[in-house]
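Asker: So you can see what is in the structure, the chains are spelled out below.
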Amino acid sequence: MEALIQLLQQNALIPRDEAARLLDLPLEEVNARIAQLEKDGVIIGYQTVINREKWNPDTVTAIIEVKITPERDGGFDRIAQRIAKFDEVKSCYLVSGGYDLLVLVEARTLREVAAFVAEKLSTIGAVQSTGTHFRLKTYKENGVFHHFESAPERLAVS
Amino acid sequence: MSVRIADHVKEIPRSGIRDFFEVVQTMADVVSLGIGEPDFVTPWNIREAAIYSLEKGRTGYTSNLGLPRLRRAIANYVDEFFGVRYDANGEVLVSVGVSEAIDLALRALLNPGDEVIYHEPCYVSYSPSIALAHGVPVAVETRGEDGFVLRAAEIAKKITPRTKVLMLNFPTNPTGATMPVEELEKIAAIARKHDLIVLTDEIYSELTYDGASHSSIAAMPGMRERTVLLHGLSKAFAMTGWRIGFACAPNELIEAMMKIHQYSILCASIMGQEAAIEALERGSSSMLEMKREYELRRNYITRSLNEIGLECAKPKGAFYAFPKISATGLTSREFSLRLLREKRVAVVPGTAFGPSGEGHVRCSYATGLEQIKIAMARISEFCAERGIEQRPAAA
Chain A
1 MEALIQLLQQ NALIPRDEAA RLLDLPLEEV NARIAQLEKD GVIIGYQTVI NREKWNPDTV
61 TAIIEVKITP ERDGGFDRIA QRIAKFDEVK SCYLVSGGYD LLVLVEARTL REVAAFVAEK
121 LSTIGAVQST GTHFRLKTYK ENGVFHHFES APERLAVS
Chain B
159 MSVRIADHVK EIPRSGIRDF FEVVQTMADV VSLGIGEPDF VTPWNIREAA IYSLEKGRTG
219 YTSNLGLPRL RRAIANYVDE FFGVRYDANG EVLVSVGVSE AIDLALRALL NPGDEVIYHE
279 PCYVSYSPSI ALAHGVPVAV ETRGEDGFVL RAAEIAKKIT PRTKVLMLNF PTNPTGATMP
339 VEELEKIAAI ARKHDLIVLT DEIYSELTYD GASHSSIAAM PGMRERTVLL HGLSKAFAMT
399 GWRIGFACAP NELIEAMMKI HQYSILCASI MGQEAAIEAL ERGSSSMLEM KREYELRRNY
459 ITRSLNEIGL ECAKPKGAFY AFPKISATGL TSREFSLRLL REKRVAVVPG TAFGPSGEGH
519 VRCSYATGLE QIKIAMARIS EFCAERGIEQ RPAAA
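Protein chains in written order, with our numbering: chain A, 1 to 158; chain B, 159 to 553.
Keep in mind that the hints are not guaranteed to be accurate.
[As the list claims (entries may be wrong)] Once the Cα atoms are required to be at most 30 angstroms apart in a straight line, the calculated DSSO-like pairs of lysine-lysine come out as:
hint: 1; chain 1: A; residue 1: K140; chain 2: B; residue 2: K449
hint: 2; chain 1: B; residue 1: K501; chain 2: B; residue 2: K482
hint: 3; chain 1: A; residue 1: K54; chain 2: A; residue 2: K85
hint: 4; chain 1: A; residue 1: K67; chain 2: A; residue 2: K140
hint: 5; chain 1: B; residue 1: K315; chain 2: B; residue 2: K474
hint: 6; chain 1: A; residue 1: K85; chain 2: A; residue 2: K39
hint: 7; chain 1: B; residue 1: K531; chain 2: A; residue 2: K140
hint: 8; chain 1: A; residue 1: K90; chain 2: A; residue 2: K137
hint: 9; chain 1: B; residue 1: K214; chain 2: A; residue 2: K140
[Said to hold, decoys possible] Which stretches of chain A does chain B cover? Using the computed rule of at least three CB atoms under 8 angstroms from a CB of chain B, they are:
hint: 10; stretch: 16 to 24
hint: 11; stretch: 97 to 110
Hints in this document: simulated from the structure, not taken from any laboratory.
We put the CB at the ideal spot given by N, CA and C, even for glycine.
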């Protein structure tokens, strides 16, 4: 399963027949395993990695550090879920260190992000403070390089 | 005046690979499965360590034996991976690739006329290296039907009073063969009985598949004292161009090898040595990642070749498939040349690795999957045109 998941993580669109050859498994087995992984909720979605410079380059991404007061029942979870449910929030992590939640927000304009922070995030009772950083440039995302490619020179034959 | 080349050099034939690839170089759009080096770039942390060492101005000679820190890293790595302990001070020598270490060991050991047994098909340098050291190369054939395993009984047949050295290379280039431990034990017994020195080139030892683990003859009882364990960073860590190999052996042997090394080479490049420290100490996760990728490609290429109708065992090591091509009615050389001319796919004729490689070609899967796919499609056409019956996998 490990190897199959790694293949799908590299390229979710990998032809099933190719995956079968690589894993040395019958095609039906690969299909069955993927179906099982989907059914078990191990695979919860397939997404596309977009180069933001080439598509909607004006989209604003903000990384927001959020300090919250944990609740007696449920700790950070309830607040984190409440924040994560906003459409603008693309990722939300509980982290160690100087703040508690790391929230990735995407919006069309700076104003929209500002409004989200001021009106939605900061007004939640348990939120003590926020610190917002705007993305200026993406170098690497989900293991994929955006700005520089390593194209090594290799002898055609050796 | 006419240049008079030394007889023992004149007698050495040109490399079959080089010969063949001179043809390749004149052609465009060739998909090459001929390359015996990883298509991966050296992992970044290793490259970064070399950059750091350059920034620090580490650009001088090193100890003839190699940087002490690298020798310690090697001793620890060999202990952990091969299960043999060597002293970093006097039992480890850093060389310019394993090729240099082979040359050093042979020159250190051989008197003119001493015989060296090696197994074929094998890496192209073995027989010439023996001859250049004034030894007599004695080949033992291994066979495809037997998984290219080296049989102790076959070695025994070739032993004479002049036999001094036995050369081993498992996993093997070009066959990808690995050795069953029981057979290796029998070979060790022969070496002990006949007082042979064993040169074991284990450059592909990390690259074993199907969960198989590598066993070194050096770790077998009574063998450490008579074995030169040769290994390097090129294959498993994708560091071919850095040229870092090493030899581990008893002090007397390392001292003798070091004499030759210090007068001919002085030391391996310090940048390469710095990078090698990083690779051995912190390179295992990226190495395993590459190994995982090779295993997938191996699965892909062997299944595809069998479907095309070229019988191909699933090799347990290295990164070569060695399919049988005799069903086409062509010799290895004809097959390779025609495949190249007609379909622009480069493979290496099995005979480049010794006469017993006839009937086979070597396909390296240290090549990106996209290239492998194109190559398989073209080989499929080539074979179909020759009436080879395709065998789609039952599963």
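Asker: With reference to the structure, classify each hint as holding or not holding.
Answerer: Structure-based check of each hint:
1. K140(A) <-> K449(B): holds (24 angstroms)
2. K501(B) <-> K482(B): holds (18 angstroms)
3. K54(A) <-> K85(A): Holds - the C-alpha atoms of K85(A) and K54(A) are around 28 angstroms apart, at most 30 angstroms.
4. K67(A) <-> K140(A): With a Cα-Cα distance of about 27 angstroms, the restraint between K67(A) and K140(A) holds, given a limit of 30 angstroms.
5. K315(B) <-> K474(B): holds (27 angstroms)
6. K85(A) <-> K39(A): Roughly 23 angstroms separates the two Cα atoms, so the pair holds.
7. K531(B) <-> K140(A): OK: K531(B) and K140(A) at ~28 angstroms, within 30 angstroms.
8. K90(A) <-> K137(A): Holds, because 17 angstroms separates the two Cα atoms, which is no more than 30 angstroms.
9. K214(B) <-> K140(A): holds (28 angstroms)
10. 16 to 24: Result for this restraint: holds, n = 5.
11. 97 to 110: It is violated: at least three residues are needed, and the stretch 97 to 110 of chain A offers just 0 whose Cβ sits closer than 8 angstroms to chain B.
Going through the hint list in order, the structure does not satisfy hint 11, though it satisfies all others.
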